[in-house]
Amino acid sequence: MNYPVWDAAVGYGLLMGAIAVVHVFVSHFAIGGGLYLVVEEQRARRRGDGFRLEFLERLTRFFVLASLVFGALTGVGIWFVIGLLSPAATELLIHQFVWAWAIEWTFFVVEILAAILYYYGWKRLAPRAHLTLGWIYFVAAYLSLVVINGIVAFMLTPGKWLATGAFWDGFFNPTYWPQLAFRTGVCLLLAGLYSLLVASRLPTSDGKGAIARASSLWALGGLGVAMAGWLWYLRALPAALLATARENMPWVLTWQSRLGLLAGALAAAVVLLALLPGHRLHLAGAALLMALGFAWFGSFELFREAVRKPWIVPNTMYGNGIEAAALPRLQAEGLLPAMAYRTGNDGRDLFLRSCRSCHTLRGYKALAPFYAGTDAAFVAGTIRGAHRMRGEMPPFAGTAAESEVLGQWLAAQVGGKSLAEATGLAGPALGARSFAVRCGTCHVPGGRRDPLPTLAGLDAAALSEFLDSAGELSPEMPPFTGDAIERAALVDHLLALQPGGAK
Amino acid sequence: MNATAYDFLSAPLPLITLLHLVTLTLHFAAMGALFGGTGALLLLRVDGKWQHPRVQAMVRLLPTLLALTVTLGVAPLLFLQLVYHRQVYSAAIVSAWLWLALVVAVIVAYYLFYAAAFASRADRLRGGGMLAVAFALLLFVSLVFSSVFTLAETPATLAAAWARNATGTVLNPEVGRWMPRWLHLVAGALTLGGFTLSAFARDDERLAAPARRFTLAAMLVAMVLGFGALFGLGSALPAFLRSSGLWWLAMSLLTALGALHFLFRRRLVAAGALLASSLFGMVALRHVARLIVLGSAIDPSAMAVRPQWDVFTLFLVCFVAMLATIAWMLRLFFASDTTPRSS
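Chains A and B, in that order, give the protein sequences. So the number in my numbering is just where the residue sits in the first sequence, counting from 1, plus 690. Here my numbering is used: position 302 in the second sequence is 297, and no number is missing along the way.
FYI, nobody ran anything at the bench for these hints, they're computed from the structure. It is possible that part of the hints are untrue.
Claimed, not checked - If you only want the chain A side, here are some residues facing chain B, beta carbon under 10 Å, derived:
hint : residue
1    : T822
2    : W858
3    : L910
4    : Q1103
As the list claims (entries may be wrong) - Derived, one-sided and incomplete: chain B residues facing chain A with beta-carbon distance under 7 Å:
hint : residue
5    : A62
6    : V69
7    : Y105
8    : V306
9    : A322
10   : M324
Unchecked claim - Anything over 10 Å on all C-beta distances counts as not near chain B; from chain A, calculated:
hint : residue
11   : R903
12   : C1048
13   : I1175
14   : L1187
Note that the structure is a prediction, hence the values are computed from the model and not measured. Beta carbons are placed, not taken as given, at the ideal position from N, Cα and C, and that holds for glycine.
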């Protein structure tokens, strides 16, 4: 309400996802890699393994360039991007957790300096001093995860904070420990995978094989810890959250199972690599492992984001930045008067404030193609019933009159053609499309809000009559406003859906 | 206030302001050494410059300085957001693509600094091409920062700019107001950069003397532009002249001149201390000016305070531990034998 909305030609989710996933993939390596370096250095020094020490020095250079430059700056990038995409939520987090961030900053400063000194210290410092700096680096880096993990977990499971508003209740929330366990495993896994990548560039030798085997063990160990953490995490998630996701966003659960499959594939690949003699470790194989790891970890982050819908902080703030506590007032008094930034076009302002955080008009999760062939009355009806739709939408935070204004504006963007004209469809295809647009966003035959029992036994005339009265069944049910061609096609489709109908 | 209300400060405003001013001064000092130092290296005319051992030593330090600048920039941004979140986020949204491009620019500049440092280490640094590109990228970063933060101070301009174009591709339209401030900041950074280079070259007058002259010239330009930036305050200028900002201005000018005096007498510690004081004065001045320009748009002292003293105490403990660890690590590193060891 207090912020303008960035009307970029890009999906918010896509932009956030891209920056966040890339960042965490590097930043978790920055932690696990630190441990890998000191543990392996200690081991190599004990054995007097010069080849391994040379490799570790090489890995440090890669490590510094990847984590200090790319990892640290994409972390800053996340800060920048969340302020653009969800300024209200960022405001909430900053106010609630500013000292947590300040604490994390102290670890960050130590981490950066220790990494630089560790890197430049390879040729300058005595082994003991060098290892000490390495351990300082790792401890500082891990502590920064310990802190940030609390804030990230809070955004999905604020727990008792909802009742108390107390810092520690929000920080040590229900998914804090399982997520920390999971991410710790990921750090170790990525340490192994990145090391394999760097080792793949080494000349073929026995030493290379030994490094590949050691790195594979790190990856496998990390994967094991991460999978245990993942199962713990699933158990810690509120049952209602998962149940809602299962009902309204089954694809989220599909991601969850893909996560398991990817983890299995990753484990198999790593085991295979560990068994192969060193000279078989090629850049392509190591890069493939990295890609698998990226997809696997990315899936987790996407799952975490998706399952949170429609909230950005459950029971506190919706994904579009509207506070749950303000909803009744906004629905009574209106959204437009509460908006600090206005373009002068009420319909567009309502779209930007209510929809733009997830949808674009003609791009990512586009509304224009979806509404093509419908009209203002229907669009306004769907807006009023947005929270009933599949995909977990927040409720419209405006008055009924404002839903009409937004409906008219959106309808004006799609051209005012009939569904048949807009889509070029006819017959059963037109009926199926009409059902998908007008009914399917809330009703799934044989599934969620199953329409079939209500429609059972109705003939074509009764179904047509039902369509006329649909808008009166509930204020959240939009009226049927299609033309005669669409009506006939939809009725045929509904008849076909009934038991014994022509599918 | 209900439990989940978040419009509060988790420590008293003076404490947050102090933390912001101190950390911002440190950020500007690091930024001046990096950005201004790169500028000084590029602009200074000395024969065989890139082969000079002190120049090479400074080039090798640039990636570390960038890491320091970024790291020290996180804290002031955090404390700034705590109080001025509505102004800062809103202004950033108006320039969203440029705001995001900053991150890309800094990443590329960072890699270029590393490339130059590696080249210097291998004695292959023949010119300032990479550094010139990195400098240009940082110049872009400073331009966007100046535009966004000045736009954040003028809510009416901000709202009008967004209403005209919400795609995130707009700079502050009041160019006359922020351009002198931006140029002043650039000249200020060059002053700090010149000082850094003179400190690096303290044993070699062939480099140190021109570096001192460079510092003097940059400081004079910064002063002139600084007055231009003050006049850019427009109708807020009389209020500024009646505020504590005037004292900060006088203090900054005097300490800056004192720094020059000691610099030319080659007393670098005294010069550095006075320069740091001058920088703090400028940061405080900037803060006072911001409050005056924002006027009735925001009154930070009216914000609710709900202190989190337990977490703050933990922060203080960590902060002290951080300083101790840094001191210990630096001592360990620099006390060691500088002869390269074989691993």
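*asked:* Run through the hints listed earlier and report the numbers of any the structure violates, in increasing order.
replied: Hints 3, 4, 9 contradicted; others consistent.
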